Structures are given as structure tokens and as C-alpha cells.
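There are 2 protein chains.
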Amino acid sequence: MHGQNQPAYQNLMPKPKNLTIHEGRFVLDAGFQVAIPDKSSRRVQITATKFIRRLTNRTGLFVKYGFPVGLKSSSKAAIVVHYNRSGDLKLYEDESYQIDITSKQIVISAKTDLGVIYAFETLLQLLDNDKDSYFFQNVSITDKPAFTWRGLMIDASRHFEPVGVIKRNLDAMLVAKMNTFHWHLSDDQGFRVEIKKYPQLIQKASDGQYYTQAQIKDIVQYAADRGIRVIPEIDVPGHATALVTAFPEIASQKQHYRLERNAGIFDPTLDPTNPKTYEVLDQIFKELSKLFPFEYVHIGGDENRGRQWDANSDIQDFMKKHNLKSNHELQTYFNVKLQKILHKYHKKLMGWEEIRTKQMPKTALIHVWRGKAGESLVKTVKKGYKAVLSNGFYIDLMLPAVSHYKTQLIPNQANLTPEEKARILGGEATMWGELVTPFTIDSRIWPRTLAIGERLWTNPEKIDIDNMYDRLFTQSYHLEELEIAHIKNRDVILRNITQNQDITPLRLLSRLYEPLKGYTRNKGGTEYQTYSPFMLFADACSADAPDALYFNRLVKSYLQSHAVKDKRAIITCLKRWKDNHHKLMSLRPNPKLVALYPMSASLADLSQSMIRLSNNLADIDTTFVKKLNAQYQKALLTYNDVELPLANSLKALINDWLAAKGLKSIK
Amino acid sequence: MHGQNQPAYQNLMPKPKNLTIHEGRFVLDAGFQVAIPDKSSRRVQITATKFIRRLTNRTGLFVKYGFPVGLKSSSKAAIVVHYNRSGDLKLYEDESYQIDITSKQIVISAKTDLGVIYAFETLLQLLDNDKDSYFFQNVSITDKPAFTWRGLMIDASRHFEPVGVIKRNLDAMLVAKMNTFHWHLSDDQGFRVEIKKYPQLIQKASDGQYYTQAQIKDIVQYAADRGIRVIPEIDVPGHATALVTAFPEIASQKQHYRLERNAGIFDPTLDPTNPKTYEVLDQIFKELSKLFPFEYVHIGGDENRGRQWDANSDIQDFMKKHNLKSNHELQTYFNVKLQKILHKYHKKLMGWEEIRTKQMPKTALIHVWRGKAGESLVKTVKKGYKAVLSNGFYIDLMLPAVSHYKTQLIPNQANLTPEEKARILGGEATMWGELVTPFTIDSRIWPRTLAIGERLWTNPEKIDIDNMYDRLFTQSYHLEELEIAHIKNRDVILRNITQNQDITPLRLLSRLYEPLKGYTRNKGGTEYQTYSPFMLFADACSADAPDALYFNRLVKSYLQSHAVKDKRAIITCLKRWKDNHHKLMSLRPNPKLVALYPMSASLADLSQSMIRLSNNLADIDTTFVKKLNAQYQKALLTYNDVELPLANSLKALINDWLAAKGLKSIK
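Protein chains in written order, with my numbering: chain A, 1 to 667; chain B, 1 to 667.
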């Protein structure tokens with residue numbers, strides 16, 4: 001459906017900086033070789049080998065050479081790779097590359113091996129075919145990223161995400177040309193990393209779900225092999241329930257603590273006046289510093305409401321004594337101490353926006369996440385801090401990809417100096433874990449993060465939304481070859497709901513409805529604990545419901561031209577939605593299925609009335625319109641924590657048809 | 001389709017030894033508690049917690065208690081667990097359990113915690129529902145296994161299987177009440193375990209794909225938490241290409257070696273006359289012995305053709321000197337040396353059937369895999385060896401589940417003494433890795449291994465094949481909750497083939513065709529290297545193609561009674577197969593898709609003729625029959641490494657219809 005009839009070079013995502021099309025094509029056969037420099041880095045060896053596997057599985061070719069060959073011996077190979085040196089996983093490293101495809105050879109060249117691995121990803125996206133063969137259009141590409149920080153954060157605290165989940169998402173990050181994995185390892189719901197000196201942390205505060213240091217090392221290496229640096233986050237002084245569950249003595253209120261099972265902002269906060277607090281954090285950061293080679297460590301610092309501080313008279317006395325006039329100043333005092341600890345271990349401090357207080361040294365890297373995307377970011381860099389942007393990139397909000405895609409890192413009207421602009425390092429998609437499990441997390445990250453990837457790599461000035469979605473869906477299914485489960489796990493949930501009966505009727509609904517956006521799925525609606533069910537209908541749905549996108553496009557096109565073929569396609573949809581309810585009702589019922597009846601019925605009823613309306617039947621009168629309006633309202637209600645993202649197009653369609661009959665619009 | 005309208009207690013697999021049904025049911029609500037003894041083992045804590053998660057996700061209940069509670073404080077909990085002690089993962093341990101469900105409470109009792117975790121699995125299978133609620137039928141179950149060795153072997157050498165794959169298969173083994181994971185860690189294609197003293201093993205002989213010792217420990221613990229012991233296998237002296245790639249000096253022929261990329265039996269063999277051979281193996285077994293607590297270590301020993309021994313004059317001299325008259329005797333000499341090494345590390349030796357030579361001590365455990373299942377096993381135990389059976393359980397052969405299910409471990413006519421019978425420890429499904437990748441392995445192991453599980457746990461005397469398949473498919477989809485990818489990865493392969501176009505026509509074909517059986521998919525047909533594509537149509541197909549099973553049953557029923565409804569159902573199938581080809585042809589073509597056209601066309605053509613035949617059209621004459629016969633033969637050809645398992649029922653159907661018209665049968 002989406003853009004797959006286009007030549008492959010039109011479906012690239014992220015789009016390269018420069019692409020020139022030439023006549024001719026390089027035709028692939030089973031004898032192709034990939035030649036890499038004779039002493040290539042692990043990174044190039046691993047990526048080149050995986051490139052061959054992926055190409056093999058995409059084409060079904062029984063390749064003769066299953067592994068890359070040496071450049072010296074095979075300079076006439078189909079694909080030859082040249083690069084100067086291994087790249088460092090630090091800020092501002094050269095990640096550029098060049099691809100030149102002629103009918104005789106494909107040449108990849110880059111300054112660093114980071115460029116090489118990105119080139120391989122672009123090349124895979126360039127793979128095209130007709131009915132007889134696989135080929136690459138002759139093109140020249142020169143490419144490099146707009147931003148040096150292209151990140152994805154995964155919250156492994158609220159729900160633990162096993163090593164396999166992290167690894168497959170690192171693979172997918174490489175597809176999106178993202179280079180920074182931010183690992184949220186500690187929060188109220190769990191402390192997820194083994195600290196050798198303090199076994200009580202994982203014994204008391206992880207439910208047995210944590211990463212061993214060996215696993216951390218393995219993942220850091222796996223990430224490095226994919227050009228990705230890893231920044232760990234220990235969120236302090238708030239979001240600290242897990243920490244104080246293991247160490248109640250460093251909490252600002254002395255009591256017994258238990259791991260939090262709910263979502264929200266909670267009071268447990270570290271005591272910044274207690275030397276033991278720093279002793280514990282020193283050890284944690286000491287051990288983490290050895291595990292994570294990247295220069296930054298994230299200390300969180302967000303959403304500390306300071307209630308425990310306000311209620312603790314010793315802390316109040318301490319503040320007076322040290323002339324700390326507010327909780328902000330106390331937290332800055334705490335942060336500055338942390339910065340010194342990190343400095344000892346040759347690390348720099350990164351923290352959420354709240355750490356940007358008056359006294360905070362400018363060496364801190366600020367993670368902007370509040371207010372309007374542009375404003376807060378501009379304010380931060382104007383104050384002299386380097387900054388990474390995450391508002392606009394909160395993928396847990398289940399907003400459409402386009403909303404993230406539109407987020408501008410450097411606002412046009414901002415009037416920034418070149419130095420200020422340079423302090424905007426890039427951005428980061430944040431996958432908060434309240435509502436995701438290892439089973440569903442992929443469908444919350446992908447494919448939307450590909451759009452964020454393009455924002456950060458290409459940073460396009462003009463955007464074409466339909467084209468973006470076409471490319472997004474084209475690249476999305478390829479992620480399945482990396483075991484990303486965003487598509488396949490939907491059907492698993494649906495089989496769970498139908499108890500392995502025919503899932504066709506549920507599949508239709510799941511391609512039409514979207515999970516509630518923002519935080520309405522939790523607070524104010526159904527409340528989820530960490531151990532609540534997450535194999536529900538809403539978990540099978542995703543943002544950018546594909547059939548809803550299709551329908552909305554169709555209606556837009558129809559309303560512009562009233563083409564008969566568009567109307568026919570619309571009626572086909574409505575009939576399908578009407579008939580679908582009968583199919584659903586014909587399944588052997590169970591409580592989960594029965595819960596979906598009202599939703600399905602509301603869509604079927606509305607569809608039926610709309611078909612009648614479209615048919616120009618004689619009895620369309622005000623009574624009918626009243627009923628139709630009621631059905632329209634009912635279809636838009638919230639059912640099962642999902643919503644129907646068709647409000648505008650259904651209403652426009654209804655009103656267009658009503659107007660044609662001289663009837664008043666519905667609201 | 002399969003048995004899901006039955007009460008849940010009729011779908012248990014493996015069937016328990018004793019099941020009594022009572023009046024009434026225990027109705028589940030969100031307030032249910034699971035109470036376990038206050039100082040329960042890790043095993044019970046982990047399983048009980050996971051039980052609650054699985055129950056939660058199956059029912060969608062927002063449970064109040066996400067974790068088990070202490071028995072002392074909650075003796076009136078919905079589910080209460082009693083047991084005496086932790087079980088040891090050794091031979092003959094008590095694994096029995098009892099479940100008593102009344103309308104008020106569910107009581108699990110067992111001697112060991114192994115019984116407890118099996119009881120939880122049975123209980124989950126007992127979960128039933130009507131349209132309003134979830135419940136458990138009141139039943140009493142007493143259960144215990146027929147055999148003490150219920151194993152699954154995974155070959156991680158020919159294709160490496162990452163930690164996540166192993167873990168999810170351990171989870172599924174628990175569902176099948178299997179207790180022994182046999183890990184084939186070394187073969188010609190790769191040495192897959194880190195040996196600290198010899199880093200060259202993984203550096204030179206693993207392509208970077210191996211288990212670290214930390215990962216091994218993690219998996220052994222994970223298995224133990226699920227009542228599963230792990231036995232490692234280092235296959236020697238044959239199947240040793242990987243070993244000699246790292247240590248050419250211990251090969252029987254001095255040369256440079258490379259990892260094998262093909263499937264088959266190869267010559268590289270360890271030199272049993274070289275002290276260095278034993279030095280290397282001593283170190284390997286020393287390190288393995290620390291990692292694997294189970295009393296046995298598997299040394300392979302199979303398929304040594306001895307060619308390198310024959311060709312090496314030093315070895316020939318050695319044999320003369322030591323009065324070793326055959327390669328068998330030389331291998332026994334080698335095995336006995338290994339046994340001494342293992343003894344030093346408090347381990348016993350297990351090996352494939354070939355090690356059962358005259359001089360082999362009776363303490364060796366023989367892994368029977370050749371000849372007729374019964375005969376060889378009987379011979380082995382009659383000679384005084386303990387034995388585990390694997391012939392009949394070679395799941396890589398892609399035979400139907402029923403063929404494994406029918407395999408008798410203790411042949412009726414064998415005339416064994418009780419002591420001999422007791423030496424039959426049990427059996428093991430073997431998942432050889434030539435044709436499986438992490439992506440497809442699950443669909444080769446499951447669901448068929450559930451049938452093997454029942455053979456080993458229940459060892460039923462009478463079997464009902466249809467009932468077995470009904471239960472098999474009912475339990476099969478539940479494996480998806482453990483992330484077993486046997487169902488969902490099929491669609492991923494099909495999307496890869498259609499390039500994300502509609503997969504409906506391919507899905508139909510993949511539910512009808514089966515991968516070639518035996519080793520015909522490799523030798524003699526398409527030759528696969530380790531790096532060949534394994535995302536082909538054949539990889540999307542599985543043994544026991546569900547629609548073929550359905551059709552064969554349908555035809556059987558029709559031919560018995562000629563019921564109109566059966567005929568109608570048959571014609572519906574034939575029409576669907578005919579129309580399917582048009583759907584397939586309407587997809588945008590690509591080389592992988594085009595390769596499927598002849599297969600699809602052959603089925604469509606035959607279906608069309610059969611519909612005509614069934615319609616009693618006037619022009620059914622000998623010319624038509626000739627054409628029909630040709631179409632029938634064509635449909636049964638091998639296409640794309642798959643076959644149509646409908647030969648008998650299609651022929652019977654055709655001949656039944658031909659006979660009705662007084663026409664001669666086809667052959």
C-alpha cells in the first residue's frame with residue numbers, strides 16, 4: 001500500500017544529504033563479494049557479514065561467499081569498502097560516507113568505520129528488484145548527519161527489558177542511523193544493574209530482574225559494534241524508591257520502603273545531607289564508569305517535588321546552615337557533589353532539564369524535556385549549556401509519527417549564534433516503560449522512531465507528510481529481519497484474545513483503532529500496575545493505525561475531487577467495518593472478546609448508516625440525521641483504552657453527503 | 001478448529017496419570033492470591049510469579065496481588081501450595097504432584113518443588129471460561145512421570161542459537177514437563193563455548209558466535225529454576241573440524257583447517273595417540289564441569305568414519321603396538337581415557353550409540369539413535385548399559401508429530417527384566433541445526449515436541465491420533481506467551497517473500513505444504529551452507545501442515561459416509577485453492593514470488609479439475625481423466641523444497657468420484 005511501487009532510492013529513510021541518480025543499474029548475482037580492508041575493525045567485519053546475511057535472506061540468493069573478503073585480494077569485488085580509521089564513539093565524530101554505484105561495482109568510502117556501517121544500511125535500503133532479478137540503481141550518495149546526538153532512551157526500570165530486547169533495538173537503531181542509547185536503569189519501580197559492592201540493590205530492589213555486569217559489558221560491546229555509545233542513567237535524588245528500598249538509611253524520610261508498583265511521581269527522595277548517600281552513589285558511579293566508556297553519565301534529576309525534604313527538620317536545618325534558599329538550591333548542591341564524584345571517574349554529568357539551576361556549572365549537559373520544544377531548548381543553550389532535546393520525541397505518548405517528525409530542534413525564529421546552535425547536540429526519543437513489556441515495546445518504538453531518526457540525521461527543512469509515511473511503512477517491515485516484533489506480536493495478542501480462533505475481525509479493528517494518547521491510558525482511566533495485563537486489545541493497537549491513515553487520506557482525496565473511485569473505496573471500507581462485527585460475533589465468546597462488542601458494534605452501526613446515506617436512499621430525514629449523529633458520537637467514545645482516529649474524516653464525509661441532500665451538518 | 005470447544009481438562013498435554021472430575025467449578029476473580037510456603041525455593045517463587053503473569057495475560061484480569069503471598073498469612077488464598085523439599089536435578093528424583101480443585105480453593109501438593117512447578121503448568125492448562133468468567137473445573141489430579149529423562153537437544157554448533165532462543169525454549173520445555181536440556185556445543189561448524197584457558201577456541205572456531213561462561217551459568221541457573229538439568233556435549237573424536245581449526249596439532253592429519261560451512265559427515269578427527277589431545281580435552285572438561293552441575297557430560301562419539309586414522313601411519317603403528325584391532329577399539333581406547341578425565345571432575349560419561357563397544361565400561365550412558373527404535377535400545381540395556389532413546393525423536397526430519405508420538409520406549413515384545421527396563425531412562429528430541437536459524441528453530445521444535453513430552457511423561461498405552469492433534473494444537477498457541485515464535489515467524493517470512501504485500505495467498509499455501517522430510521531438503525536436492533538463506537517458503541512451512549491435516553481428516557470422514565456437509569467442505573477447500581492462485585498472481589512479482597508460481601498453479605489446476613469432476617459435468621471422459629491424472633502427478637512434485645502432504649486423500653477422493661461415474665481409477 002505504501003510507496004512500494006516506487007524505485008527503492010525514493011524510499012530511503014533517513015534521506016541522505018545528497019543523492020544523484022544515474023543511468024543503469026548494478027545487477028546482483030549469487031557470486032557477489034563484499035571486499036573490506038584487510039585489517040578491518042570488528043565493527044566493519046560484523047556489519048559486513050550481517051549485511052551479507054540480510055541481503056541473502058531478502059533475495060533468497062544462495063550466495064557463494066558468506067563472509068567478506070580482503071580488499072587486497074578482491075579489489076574487483078561487487079562491493080568494495082574503503083575507510084581511513086576506526087571512529088570513536090564520542091561527540092562530533094565523523095560519521096559521513098559516500099556510495100557510488102555503477103553497473104560494474106559498488107564503492108563505499110568513508111573517513112571512519114562509522115560511515116561504513118551507515119553506508120551498508122543505506123545500501124540495503126537501495127536494494128531493488130523487478131520480477132527476474134535484484135539490482136541497485138546507479139546512484140551517487142554523499143551523506144552525513146545533521147546532529148551528533150541521535151538517541152533512543154529505553155526505560156528498563158518500570159518494566160524490565162531483557163538483553164535480547166535491548167540488542168534487537170540496537171540493531172534497529174543502526175537502521176535509523178542513531179548513535180546514542182540512553183539506558184534508564186533506575187527508578188521507583190526497580191534498580192536494574194548489578195553493583196558488585198552492594199548486592200542488596202538487586203536482591204531487594206529488582207524482583208530478580210536486572211542486568212549483570214557481564215551482560216552490561218556484552219551490550220556495550222554490541223552497541224559499539226553498531227556505532228552506538230551507551231549512556232547509563234541512575235535517576236536521583238527523586239524517582240528513588242528502588243534505591244531506598246535497598247538503602248532506607250539514605251532516604252529523606254526514615255521508614256520501610258517497597259518497590260513501587262504504580263505509575264506516577266512519588267515522594268521517596270535521597271537525603272542530600274547524609275554522607276552515606278554520596279558513599280552509595282560514589283560506589284555506583286565508580287562501578288558504572290568502568291562499564292560504560294562514553295564520557296557522559298545521566299543522573300536523572302527530574303520531578304523531585306521535595307516533599308520529603310520539606311517534611312524533614314534536619315534537612316531544613318541543613319539548608320539554613322548552608323544558606324540554601326530553596327529545594328532547587330539544595331538539589332543543585334546535591335548535583336554539584338555528584339559532578340565531583342563523576343569527575344573523579346573521568347565522567348561528565350548529564351541530567352534532565354530540572355538540573356539547569358542558577359548555580360549549576362556549564363559543563364553539565366542538559367536534557368530538555370519540558371514546555372514547548374523550541375523555547376526551553378533555546379533558553380538552555382543561550383545560558384551556555386550544551387543540550388539534547390526530548391520534548392517532541394516522547395514516543396510513549398503514542399502520538400503520530402508526524403508530530404515527532406515536525407519537531408524542530410533549531411527553531412527558525414530563535415536567533416541563535418553559531419556557538420549557541422552548536423550547543424544543540426541533537427535529540428532523543430524516550431521510551432518510558434509504564435505501559436510496555438518486552439512483548440509490546442517494539443511496537444511502541446518502531447516504526448515511529450525511524451521518523452525521529454530522519455529528523456536527527458537529515459533534519460529536513462521541507463516535509464512531505466504522505467511521502468514520509470510511505471517511506472516509514474516501507475522501511476518498517478524490514479525491521480522484522482532484525483527480530484523487531486512490532487508487527488508480529490500484534491497477532492499474538494489477538495490470538496490470545498480470540499483464544500486461537502480466526503483473528504481476521506480483530507486484526508481489522510487493530511489496524512483502525514489507536515491506544516489512548518498522552519497519559520490518558522493510565523491516570524484518570526484504567527490504572528495499570530507493573531503487573532497488570534499488557535496483552536489487551538489496546539496493546540495490539542499502535543499509533544498511526546495503518547488503515548486509519550489510509551482512510552483519512554482517501555477521504556481527503558475524495559472531498560477534493562469527489563472521484564467515483566474514491567467513493568467506491570470509501571464504501572468498501574464502510575461495508576467491511578459493518579460486516580466485521582458479524583464476524584466478530586460469530587466467534588466463540590470469552591470475557592476479553594465480549595468486552596470488545598460495544599466498540600465493534602458502534603463502528604458497524606455508524607458504517608451502516610453512512611452506507612445508507614451514501615446510497616441516496618429516500619428516507620434520509622432529520623430523524624435519520626439525529627440517529628446518525630448519535631452513532632457518530634458513540635463511535636468516537638473511548639472503548640478498551642483505544643480511540644478511533646477518524647473523527648475528522650468521518651464527520652467531513654457525513655457532512656459532505658448531508659450537504660448534497662440539503663441537510664444540516666452534524667457537529 | 002482443534003478441540004477448543006472441549007472443556008479445558010480434556011485438552012491437557014501431557015495427560016496426567018490420574019484425573020477425576022467433580023461437580024462444580026472454582027471461579028477466578030481479580031482478588032485471587034497464590035500462597036506458597038514462607039521459605040519457598042527460588043524455583044517456586046519464580047514459577048508462582050510467572051504463573052500469575054501468565055494467568056493475568058490470558059484472562060485480562062487486573063489482579064490485586066501481582067506476587068505470591070506467604071502460606072502462613074494466607075492459608076485461605078485461592079491457590080495454596082504445599083511441598084516438603086527442594087528437588088535435586090538428578091536421575092530418579094521425585095517429580096510427582098497432586099492438584100485438588102474445589103469450588104472454594106485450589107490445593108497443590110508435592111514432595112518436591114519440581115512437582116509444584118509441574119502442577120502450575122497443569123493448572124494453567126486447566127483454565128477454562130465461558131463468556132462471562134474464567135474458572136477451573138473441580139478435579140483431582142495425581143500425576144508423575146513415566147521416565148526420568150525427558151530431554152530436548154539443541155544443536156547450537158551448525159547454527160548458533162543466542163541466549164534468548166535457549167531461554168524461551170527452556171520455558172517451553174517446562175510446559176512439556178521435560179527436564180533435560182542437552183546442549184550440543186561443538187561440531188564441525190563451530191565451537192560455541194568460551195574456554196578461559198584456550199581463547200583460541202572461540203577466536204578461531206566460532207565466527208564470534210559463542211556462549212561466554214557467564215552466559216552458560218545464567219542459562220544453567222535459568223534451567224534449574226524450571227526444573228531442568230543441562231548436559232553439555234563436546235562431540236569427539238569425529239565432528240571435530242571446529243576443534244582442529246583452533247588446534248590443528250591434535251588432528252589426525254596435520255594440515256590447516258577451516259570451519260565447515262556445509263552439512264554432512266566430515267573427516268577431521270582428533271588424534272587419540274597424541275597426549276596433547278587429552279591435555280586440551282582435559283582442560284575443556286575441567287572448565288565445563290564447573291559450569292554444569294549435572295552428573296553427566298556428553299562426549300558425542302558418533303559418525304567417526306576413521307578415514308584420517310586409516311591414512312595416518314603413526315596412528316596405525318600405535319594401534320599395532322597397543323593391540324587395538326579396529327578403529328572401534330581405538331575409539332574405545334580414546335573414550336576410556338575421556339571417562340577417566342571426567343571421573344577426575346566427578347562426572348560420568350554419556351555418548352552416542354557408537355561408543356557402545358565391547359570394552360566400554362557399563363557406567364557409560366548410551367544415547368541410542370540408530371536402527372529401529374526398539375531393537376537397538378533393547379540390545380543396549382540387555383548389555384547392562386543405561387540408555388536414553390533418540391531414534392523416533394529426530395525432530396529435524398520434519399516428520400509428523402504422530403510418528404514421534406507412536407515411538408515406544410519399551411517395546412511390548414522385548415521381554416525385559418525389571419532391571420533392564422529400569423535402565424531405559426527415557427528419551428530425547430534432537431533438534432539438529434543444519435537447516436534452522438534462531439528465526440526458524442521454534443517452528444521446528446514446537447508444537448511437535450509437546451507430543452514427545454507426552455510420550456515421555458505419560459507414556460500412553462492406547463493412542464487416539466485425532467485427539468492427540470486436537471490437544472497439540474490447543475496447547476501450541478499458548479506457547480506464544482513464552483515468546484516461542486513458531487507461529488508468528490511464519491508470517492514474517494511470508495512478508496519477506498511478498499515484500500510486505502498481502503500475505504493471505506502465501507499463508508494459505510504455507511498451511512498446506514510441508515518442508516521436505518528426512519534429509520531430502522539438503523543432500524540430493526538444494527544444498528545449504530550455514531550462510532544460505534533460511535527465510536524461504538519452505539522455512540515458513542512446518543511439519544503437520546494444519547490445513548492439510550484438516551483436509552485429510554475431512555476426506556477420511558467423507559469417504560466413510562459421503563455426507564453432503566463433508567462434500568461441501570471439500571469443495572470449499574478446492575475452490576479456495578483454485579482462487580488462491582489468482583490472488584497470488586495479482587501481487588507485484590519478485591524473484592522469490594515468481595518461484596512459487598508453478599507450485600501454486602499446479603494446485604489450482606488440479607483443484608479446478610476436481611471441482612469439475614465433483615460437479616458431475618457431462619464431459620468427464622477418459623481424456624479428462626488422463627489430464628486429471630497428469631495434474632495430480634504435477635501437484636505432487638517437489639517445489640521450493642516443500643511437498644503437498646495430500647497425496648492419499650486427493651487420490652482417494654478422485655477415485656471415489658471417478659468410480660461413481662464408472663470410470664477407471666488413477667494411480
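Hints were generated in silico from the structure; no laboratory data involved.
Certain hints may be false.
The list cannot tell twin chains apart, which means a pair is met if one copy fits it or any two copies do.
[Unchecked claim] Distance condition first, Cα-Cα at most 25 Å in a straight line; then the derived PhoX-like pairs of lysine-lysine:
id, residue 1, residue 2
1, Lys-321, Lys-204
2, Lys-131, Lys-578
3, Lys-217, Lys-167
4, Lys-567, Lys-664
5, Lys-348, Lys-286
6, Lys-204, Lys-50
Since the model is a prediction, treat every value here as computed from it, not as a measurement.
Tell me, please, which holds for Lys-348 and Lys-286 at an alpha-carbon limit of 25 Å: within, between, both or neither?
within (13 Å within a copy, 44 Å between copies)
Could you figure out if Lys-204 and Lys-50 sit no more than 25 Å apart (CA to CA) within one copy, between two copies, both or neither?
The answer is between: 18 Å across copies meets 25 Å, while 40 Å in one copy does not.
Within a copy, between copies, both or neither: where do Lys-321 and Lys-204 come within 25 Å Cα-Cα?
Classified as neither: same-chain Cα gap 35 Å, cross-chain 64 Å, threshold 25 Å.
How do Lys-217 and Lys-167 come out at 25 Å by Cα distance, when the copy is not named: within, between, both, or neither?
both (12 Å within a copy, 20 Å between copies)
Are the CA atoms of Lys-131 and Lys-578 at most 25 Å apart within a copy, between copies, both, or neither?
between (37 Å within a copy, 23 Å between copies)
Taking 25 Å as the upper bound on the Cα-Cα distance, should Lys-567 and Lys-664 be classified as within, between, both, or neither?
Within. Shortest intra-copy distance 21 Å satisfies the 25 Å Cα cut-off; inter-copy 54 Å does not.
Consistency with the previously given hints fails for number 1 only.
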